[in-house]
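In order, the protein sequence lines correspond to chains A and B.
Each residue of the first sequence is one higher than the last, beginning at 1 in my numbering.
Each residue of the second sequence is one higher than the last, beginning at 1 in my numbering.
The set of hints was computed from the structure by calculation and includes no laboratory data.
A couple of the hints might just be wrong.
Claimed, not checked - With the C-beta cut set under 8 Å, the calculated list includes, among others, these residues of chain A facing chain B: (1) H9; (2) Y50; (3) K58; (4) G105.
In this text, a Cβ means the ideal position worked out from N, Cα and C, and glycines have one as well.
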Amino acid sequence: AQSVSQHNHHVILSEAASLELGCNYSYGGTVNLFWYVQYPGQHLQLLLKYFSGDPLVKGIKGFEAEFIKSKFSFNLRKPSVQWSDTAEYFCAASGYSSASKIIFGSGTRLSIRP
Amino acid sequence: NAGVTQTPKFQVLKTGQSMTLQCAQDMNHEYMSWYRQDPGMGLRLIHYSVGAGITDQGEVPNGYNVSRSTTEDFPLRLLSAAPSQTSVYFCASRHTGTSGGLEDTQYFGPGTRLTVL
């Protein structure tokens, strides 16, 4: 069965700390991977996506993610977080087909202490 | 472009009532979907559609119906509302690329907060 797992439910960091949020997926065949962010009271926005090619993907606001096929992982990283990064982060996966549905993980709430 | 729009923003229902959540997009996207968001459970896919006249079930379809008579609209119907359907509902749409699903950026609507008493 297709699934996306995010094991960190709530992460608390101080400003300027480095961030890594875990994401593992189970999806048969070629997979597309995404990270979305939801700021308080807002709807989801795309941070970055991986389709093919370079496994290190750079997104908006200084975020990046690395696709490691052997580990079925797509962890999100940022070298130095800011208070404005406080949000909920969702990892998602879809198959390569244009008709493929997109499955989300349960989300990780990130709280940044000023 | 207005993007993905949803109405209403808020709704309170009594158990057993029916209602339709509206979703529309003006980006000519083939693919549309409905998710519900509950604390600690992320977004769960209810139903999705890859084009007009085509719908399919997601992870949690029970209690919900959808139809896709036009490319623009994808309404979600609650046939007989239950307290377990209290949630925030998001509609989303994306373009399905012609070369194998490469254009997979999904855009989300602002959400509908539904409370069932």
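Which hints from the list above does the structure break, by number from lowest to highest?
-> 2 and 3
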